[in-house]
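Chemist: Residue numbers (full-length UniProt numbering), protein chains in the order written: chain A, 1 to 347; chain B, 1 to 347; chain C, 1 to 347; chain D, 1 to 347.
These are computed hints drawn from the structure, not numbers from a lab. Honestly, I wouldn't trust all of these hints.
A pair holds if it fits inside one copy or across any two, identical chains being indistinguishable in the list.
[As the list claims (entries may be wrong)] For lysine to any residue, the following SDA-like pairs were computed, each having C-alpha atoms within a straight-line distance of at most 20 angstroms:
no.	residue 1	residue 2
1	226	143
2	252	1
3	116	303
4	229	256
5	23	334
6	229	118
7	252	334
8	106	123
9	3	189
10	229	206
11	3	94
12	225	135
13	252	166
There are 4 protein chains.
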Amino acid sequence: MFKVGIVGANGYTGGELIRLLHKHPEATIHALASRSQAGRPAWELFPTLHGTALGQATILDLNDPRLSECDLVFLAVPHGVAAEMTPGFLAAGVKVIDLGADFRFKDPALYEAWYKIPHPAPELLAEAVYGLPEINRAAIRGARLVGNPGCYPTAILLGVAPLLVHDLLASPLIIADGKSGVSGAGRSPRPDLHFAEVTGDFRAYGLPNHRHIPEVEVYAGQIGKKEVKVSFTPHLVPIPRGILMTLHLAGKTGATTESLTRVFQDFYAEEPMVAVLPETDLPHTKAVLGSNRCQISVRVDERTGQIIVLSALDNLVKGAAGQAIQNMNILFALPETTGLTDLGLWP
Amino acid sequence: MFKVGIVGANGYTGGELIRLLHKHPEATIHALASRSQAGRPAWELFPTLHGTALGQATILDLNDPRLSECDLVFLAVPHGVAAEMTPGFLAAGVKVIDLGADFRFKDPALYEAWYKIPHPAPELLAEAVYGLPEINRAAIRGARLVGNPGCYPTAILLGVAPLLVHDLLASPLIIADGKSGVSGAGRSPRPDLHFAEVTGDFRAYGLPNHRHIPEVEVYAGQIGKKEVKVSFTPHLVPIPRGILMTLHLAGKTGATTESLTRVFQDFYAEEPMVAVLPETDLPHTKAVLGSNRCQISVRVDERTGQIIVLSALDNLVKGAAGQAIQNMNILFALPETTGLTDLGLWP
Amino acid sequence: MFKVGIVGANGYTGGELIRLLHKHPEATIHALASRSQAGRPAWELFPTLHGTALGQATILDLNDPRLSECDLVFLAVPHGVAAEMTPGFLAAGVKVIDLGADFRFKDPALYEAWYKIPHPAPELLAEAVYGLPEINRAAIRGARLVGNPGCYPTAILLGVAPLLVHDLLASPLIIADGKSGVSGAGRSPRPDLHFAEVTGDFRAYGLPNHRHIPEVEVYAGQIGKKEVKVSFTPHLVPIPRGILMTLHLAGKTGATTESLTRVFQDFYAEEPMVAVLPETDLPHTKAVLGSNRCQISVRVDERTGQIIVLSALDNLVKGAAGQAIQNMNILFALPETTGLTDLGLWP
Amino acid sequence: MFKVGIVGANGYTGGELIRLLHKHPEATIHALASRSQAGRPAWELFPTLHGTALGQATILDLNDPRLSECDLVFLAVPHGVAAEMTPGFLAAGVKVIDLGADFRFKDPALYEAWYKIPHPAPELLAEAVYGLPEINRAAIRGARLVGNPGCYPTAILLGVAPLLVHDLLASPLIIADGKSGVSGAGRSPRPDLHFAEVTGDFRAYGLPNHRHIPEVEVYAGQIGKKEVKVSFTPHLVPIPRGILMTLHLAGKTGATTESLTRVFQDFYAEEPMVAVLPETDLPHTKAVLGSNRCQISVRVDERTGQIIVLSALDNLVKGAAGQAIQNMNILFALPETTGLTDLGLWP
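Sequences and hints are given; from them, build the entire structure.
Modeler: Structure (structure tokens):
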């Protein structure tokens, strides 16, 4: 059994790491840490832990030595904090998977432009690997530091990769109309996330300059080997989890729903975590609730020449904790799907 | 008091007409009719009617003579049925507002192409008036037959009209990414509308050829005096009511959020039912829950040149019954907002 | 037009007073005040106000002289604060309706026992009138200070009053299993009211000593002219508004659903705001969403002799702001239902 | 690997059996059968199956011989149907776990009184075992036919068992105020289960004579060795899954929250699937979402002498499919929690 630690155990991403690692057959949770919750029993953070041994575990402080005893730590902490903690873990021989933004970019200037702080550990950027297995598996295999992708970028990049690789777009503009469940906004209470305000409501937010844009532009550009631009409009859906991404793209002449569905099915034929749907169905966020899978459909609107790609994933699983464990499996040379094969919870 | 009748009183649109007309100070509900529910007391259709006199009213059959005693009837019935009933009402001197698709088009061929039946009363199409007051108020004033707009088209046309009138778009393509509450799909039970399936889920449906497309292309073309094309992707939101429309448009060089917000505010300055929001806010569907208002914001993504317009309305009010009553007020020469000034229900 | 003011305009009760008074034909909102929000435009508190003149009104400080120009002020502020403000308003000739707990009790010791502070204005308790019109209408008529009932007590007292008046219970114990929408917990963000935590969840809270218990015991005791005891178990329902109260009561021999339904229907025959349902239906919280009505059903479980009473109301309307306006109508000698006849919003 | 079959694979209970057995390490799904869906691929029933091998499996007819090749079949079919199919399976050496009502009673007259049909296989009732492991584990071990408990009865019996065993109640009356998510009503579309009707609503239904009453009275009577009576009031909660049961019981003098919490903790100390919560917490349905655990709290209202027990479970897991697999594990002499240790999905 590998020993793993979770830093930032109290947030939703931390909680999802707990849920998934609790059932992982090859990893054991050795340390749970949280700056604000240190000293409390784990069940006070997540009532799901009542009746389990793990629920009695005490939340540790961020500098607790148990963390350094781990084979790997997951960092689910604010950007900036992760980069400050990482050098110490690496020096202690602990692999690091960061679920925030600190190790997603090679270019510290890009990081600083969007995150408004100088990068705290720019010397590690060359070594850090972007953890989207479907695109970057080979590089992940030998890494000791992984920058886990954002939830929205995972949905966009998986949705657009087959079209970019096969050069099937007539324009470099990706219009990404994203819809996310509320857990994507974190666990801290906010007036605009109060149940009574959100329930029954649907709205956009934060446009037009969401921080996930540069991540998409960098990696979509690499996948397609030419520059792309992203216009991203996120929306808040009154559901706890789930992202549905709708991509509006200009297609080349002659594309059909049938032909592009074939392209997608071939592209992802060997991928265990991506399901390209038959033409008779469309993705549901709930079909992947709690699951590490991503569902994708593609449609061609022949009247206008537009391609519409729809991708659905659970923002806390394939969009965060599940993908991080997929990366952990790769780092530990385990079968990539170990502990990640659960079906979505329906209904 | 004007006497009005509602045909199709059992559906959600019919129910919303009941709710709004029940409090209208100048109209009285003279007849409620429904093919399937005739003979039942009204409270069996809507439990909101318990404790009211109207709740004791008996639902009439579609050919009940009380309907012909009305000054105006609202038709909330399937397409095709409305066109069959309308000539009789007009002959009896009863004005008609049809909330379905039968009188939205001048061209019967277009109707037939999208609705798959020959138009049952093509001779009335020349006279019928498209009932979007903000665009077509003058024509509505003298009409006796109004085709009330669709819910999605209302959201799209109000969102795009200022840009079309002022010729501010660089492309004729309107990408309309629509999100609708479940009442938009009607009241009939269906497996995919079962509570347990919809709650916690978000999905697209019915793309790429939704029947609301031709309505938008015709009237957007008239507003802008040149052809437009619409790529429309509807989504189902797990809320009972509400549409949020996100329009992705190619802007001309130099547009800014500030300049376009000014254009929208000027365009709708005198419109009581359209609120262009300050730049610091964005539309909420819940802000217009039960209200006849439409909220609109516009944003320019200067990195990509894209214009994003967001419009929110209640699909059963400004998207159906409320707009129909707004039209009724115009037909009866009442102040246009009579009975329609309620605020949204928050939270 | 009477001039009214709202103190505590930023909370959900304050917002509901705004919504209902905005459409009241005989009252005009003369002043909106809030300690924390003074100086902001009203639309920043409630996005429902976009596009209205009222939305441009500036929120006043609590000591703004405009409040004293009103004929009546509604106090929607924390307990203790209301009692401190009230003497000044009364001295200025302004009638007061307090929506909190400060004027619901005659006995300051009872107040202090449950609210843990000495009553700030005990000299006013003799004069203050409990504002449940169905029980206390005559006393309200001449009052200048009304203590508006709590939401749960309204649901319990309306549900149990016919049985108490007719002495139909075999035991003095009222088991009240209450279920409330989230707005009942107020608008302030809290970790346990975050959308992601509440959606999909159902739980009890705060038992066994909820502060609404003494209010019920006092007034139920007066109604039945003998002591009762209340065992109250509140639950949180993932809906924005609505209370469903389930009362479990020991019946006397011979009671039937039919006989008790008749008792209830007779008891409330002249009450415009209480609908006793036919035996074939049961109350829905959504049937009174946004409405000032209360729906009630009664059932006898003949196997066990238990009486089950179900009452549904909107906690912000009949449970707070609507009832306050009903009281205002009585104070101003207006027809009691003025501005309060709206149907619930369905669906 | 044991081979198992699921009859009635298309309903929610069938789907949950699929989800749980798909990850069970010792059982393999050998046959999926459904009268109405035979011939379709499994993914058309549950979109969660996209991208899995099982999703390509063909749904079989009810008399397909593959079912008889199984070691055990789960019957998730209407009452009456299960009893008709069971003799054939038993004759073929296939163990049977019925998730309906057909094998929950020893007395065919009781079955007929509540289910309104003669029992189709009364000769099997003596042999059938009631499958509530916490109460009846020894009898289950050697069985070949198990009647899996109802969802509500599981919540009631687990909540009341410690009090009955220790004779801590002052009255034989169990007042059970139950709240269930919508999946408890099945998957068939119905007008009153339409999303738009249920969302935002809370209501009671079906009182006072729910079919789960006799099951509780029989087994609670056995547990406590004396007759009890149940007054049961079920409510519909707008959540997909979950039951919260609130039991109102008359306590004996001297009981306290602390003393009874201790009784419950001792009673369930060795039970892996029942978590008695600390006094500082209360059960959440969402804390056991997708999990086989039941959370329980007990409170004493010392003012009235009432005991309030709260129990939460997932109606499709501990209330149906999970409990059935727990029984399967016992029948196959596997560790009882095999495949059932997942934490709830939070948020």
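Chemist: Is it within a copy, between copies, both, or neither that the alpha carbon of residue 3 lies no farther than 20 angstroms from that of residue 94?
Modeler: within (10 angstroms within a copy, 43 angstroms between copies)
Chemist: Checking residue 229 and residue 256: alpha-carbon separation at most 20 angstroms within a copy, between copies, both or neither?
Modeler: Close across copies (18 angstroms), not inside one copy (24 angstroms); limit 20 angstroms.
Chemist: Give the relationship of residue 3 and residue 189 under a CA distance limit of 20 angstroms: within one copy only, between copies only, both, or neither.
Modeler: So residue 3 and residue 189 fail the 20 angstroms test inside a copy (32 angstroms) and across (37 angstroms) alike.
Chemist: Treating 20 angstroms as the Cα threshold, decide for residue 252 and residue 166: within, between, both or neither.
Modeler: within (11 angstroms within a copy, 30 angstroms between copies)
Chemist: Please sort residue 226 with residue 143 into within, between, both or neither, judging by C-alpha distance up to 20 angstroms.
Modeler: This pair counts as neither: shortest intra-copy Cα distance 26 angstroms, inter-copy 57 angstroms.
Chemist: When no copy is named, should residue 116 and residue 303 be tagged within, between, both, or neither for a Cα gap of at most 20 angstroms?
Modeler: So residue 116 and residue 303 pass the 20 angstroms test across copies only (18 angstroms; inside, 43 angstroms).
Chemist: Given a CA cutoff of 20 angstroms, do residue 252 and residue 334 count as a within-copy pair, a between-copy pair, both, or neither?
Modeler: Result: close neither inside a copy nor across copies, 41 angstroms intra and 53 angstroms inter.
Chemist: Between copies, within a copy, both or neither: which fits residue 23 and residue 334 at Cα up to 20 angstroms?
Modeler: both (15 angstroms within a copy, 18 angstroms between copies)
Chemist: State whether the alpha carbon distance between residue 252 and residue 1 is at most 20 angstroms within one copy, between copies, both, or neither.
Modeler: So residue 252 and residue 1 fail the 20 angstroms test inside a copy (50 angstroms) and across (51 angstroms) alike.
Chemist: Is it within a copy, between copies, both, or neither that the alpha carbon of residue 106 lies no farther than 20 angstroms from that of residue 123?
Modeler: within (10 angstroms within a copy, 67 angstroms between copies)
Chemist: If the cutoff is 20 angstroms on CA atoms, where do residue 229 and residue 118 land: within, between, both or neither? Let me know, please.
Modeler: neither (24 angstroms within a copy, 45 angstroms between copies)
Chemist: Cα distance capped at 20 angstroms. Does residue 229 pair with residue 206 within a copy, between copies, both, or neither?
Modeler: within (18 angstroms within a copy, 28 angstroms between copies)
Hint compliance for this structure: hints 1, 2, 6, 7 and 9 are broken, all remaining hints hold.
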